[in-house]
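Student: With positions in the sequence shown counted from 1, the corresponding number in our numbering is that position plus 5.
These aren't lab readings, by the way, just hints derived from the structure by calculation. You may find that some hints are simply not true.
[To be verified] BS3-like mimics (lysine-lysine), calculated; alpha carbons at most 30 Å apart, straight line:
hint: 1; residue 1: K247; residue 2: K355
hint: 2; residue 1: K179; residue 2: K161
hint: 3; residue 1: K247; residue 2: K37
hint: 4; residue 1: K96; residue 2: K315
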Amino acid sequence: NLYLDLIPIRTPIRIAETLLTVNHTGPEEYAKFYSKVVSPLDKIFGPSQYLPAIEDAGRWANLPICPRPKAEQQQRTIVDDSSSMEKVGRKPPYQLVACTWASASYTRRGDAIRLSDSVDRLREWILFHLMVGVSHVYVYDNSDLGNSIEPSELWKVTQEFPSEQVTYHRWPCKICNNNRPANSNPGERSSQYAAEASCRERYGPLTEWMTFLDIDEYLVPMQQTDNMGYDWRPILNDMEQKNVTILQFRSSRARPIVHQMEELEDQSTCIDPSGKKRNDRFPNTDRCLGHRKSETFLETYNCEYIRSPKPDRFDRARKQIYRTSHVWSHFVHYATVTSDYAETYSEFQKRYPGKKYIASAHGAAWEKRYPNIFADELATGVLIHARGVLPHESRRRSVECTLNSMFMCMLGYPCEDSVEFVDELHQKNVFANPDG
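Just need the whole structure built from these sequences, with the hints factored in.
Tutor: What follows is the structure in structure tokens.
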């Protein structure tokens, strides 16, 4: 089954004044710009140079090259009818869906060692999110199968779930590079970006809310329901009542709880593949640790080194649950095109006759109309980034993970609630439980 999507990657937001007419900006903003121009640009370039409406912008998606399978044909019929749903006030069939892009084996950003825990991670990730109220999961599989006709290991995982809950897409597009963000040539995961764009474009009409996560990221609801469970659905109902369009979550890398780990039988993996000599003036006295197979990843990798609520500096790597009726395009951490950004002056006048047009989509007035908020981590929900720790990162824990150590500890030692947390000191290894 083959489809073709033509989706622009990292295209700039449409803000160039030279491409805007008075119908886009309104007479006040239009006059401000053209008062600085010697000759109106439409006389220079002609009237055909203006940007079209977004629905006429030439984006093609879901071009069926081969016939659709029956299950997706039924689902696709709902997508095709989504515009009529909105007209008659019907809600989409799903309240919240989650999309993910994963590979059977992978390397972390900037690392050389290849990991192969995706099968177990994906199974757990799907189970957890279905358990807390996600209606449907869409898996984009980036595994490199070469010329093999055998199905991917991740495909086998998705077949453990009903098709009404999980949809699988083979997505073997290569990434450009996997460097860290601070590298002079930062990571470029075009395959992941296109997968997210495809999921929003293809399945956005099926759901009220959508999120795009990695399989080591867990959205954990903190609000208990009447039946003593934890579920995103009543939380999103509350957000809808408050007219919230984007619910945001700050992200930090959690540490694995040391007593949830075990010594590896094969200690040959306890080597830094980069060849870096970290703290080599101290002997390697510790045997390397790994994730204990009897524990879930979420049970193990949930020791935050910053006590909630996280400070504002963790905004950068945020993840979001967003209303698809409001967010028309999304890029990893941010909404790039929203209904308010795309609303022109003439469209505003039709919807709100007699009201003053708000030119800036970053002002307080826009925030009041289309609020997006950070979730209360203690009362609403929290993002747990359960990123793995490599074996060699545990080999000097007896030196690095001690009180007043000068080194960074990559393992988690749970801190009792009675211990006072001071953010300015969190890198100095000075916090201790009453027992020392």
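Student: With reference to the structure, classify each hint as holding or not holding.
Tutor: Hints versus structure:
| no. | hint | result |
| --- | --- | --- |
| 1 | K247 x K355 | holds, 25 Å |
| 2 | K179 x K161 | holds, 21 Å |
| 3 | K247 x K37 | violated, 35 Å |
| 4 | K96 x K315 | violated, 34 Å |
Hint compliance for this structure: hints 3, 4 are broken, all remaining hints hold.
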